[in-house]
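Kindly produce the complete structure, drawing on both the sequences and the hints.
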Amino acid sequence: MPEGELIVISVLGVDRPGIVSEIPSALAEANANIVDISMTVLRGFFTMIMVVDISSSRKGLEELREELEERGKKVGVNVILIHEKVFRFMQRVWECLDMR
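Here full-length UniProt numbering is used: the sequence shown runs in plain steps of one and ends on residue 100.
No lab work stands behind these hints, which were simulated from the structure alone. Please read these numbers as outputs of a predicted model, since none were measured by experiment. The C-beta atom is built at its ideal place from N, Cα and C for all residues, glycine as well. Hints are supplied without guarantee of correctness; some may be wrong.
To be verified - Listed below are the simulated DSSO-like cross-link pairs for lysine-lysine, each with C-alpha atoms no more than 27 Å apart in a straight line: (1) K59 x K73; (2) K74 x K59; (3) K85 x K59.
Said to hold, decoys possible - Label pairs and their calculated CB-CB ranges: (4) E63 x K85: 15 to 21 Å; (5) S38 x R92: 19 to 25 Å; (6) V93 x G18: 31 to 37 Å; (7) C96 x E66: 29 to 35 Å; (8) E95 x V20: 15 to 21 Å; (9) F89 x E63: 18 to 24 Å.
Below, the structure is given as structure tokens:
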């Protein structure tokens, strides 16, 4: 696993031109590094999940969240940004709930 401060970003919406460039462009402008990415279109629905290193970002977590949400609205998708630590904690909670 790469070192750094990692966030998980998910993007979901109806497929349309510009999604693939809009969200990663905002990350590049902030000097955030995409370390892993998965994209697919399923029956017209676009999905993208990224793991992004923000340790060198020029924007803080909340500022980056606001920027990505605004860019998402511009191209008609929902963007959810979760810090890696929160994501991992949520995963542990889900695993505990599954054990019942």
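Outcome of the hint check:
A distance of roughly 19 Å separates the Cα atoms of K59 and K73; the hinted pair therefore holds under the 27 Å criterion. For the hint linking K74 to K59, the alpha-carbon distance of about 20 Å falls within 27 Å, and the restraint holds. With a C-alpha separation of about 19 Å, the suggested pairing of K85 with K59 holds against the 27 Å cut-off. Separation of E63 from K85 is about 19 Å and conforms to the stated range, judged on CB atoms against 15 to 21 Å.
One distance hint, 19 to 25 Å for the beta-carbon pair S38 and R92, holds here, with the actual separation near 22 Å. Separated by about 35 Å at the C-beta atoms, V93 and G18 satisfy the suggested range of 31 to 37 Å. In this structure, C96 and E66 meet the distance hint of 29 to 35 Å, their C-beta atoms being roughly 32 Å apart. The hint said 15 to 21 Å for the Cβ distance between E95 and V20, and at roughly 32 Å that hint is violated.
The hinted range of 18 to 24 Å is satisfied by F89 and E63, whose Cβ atoms lie roughly 23 Å apart.
Figure legend: structure checked against the earlier numbered hints; the only hint not met is number 8.
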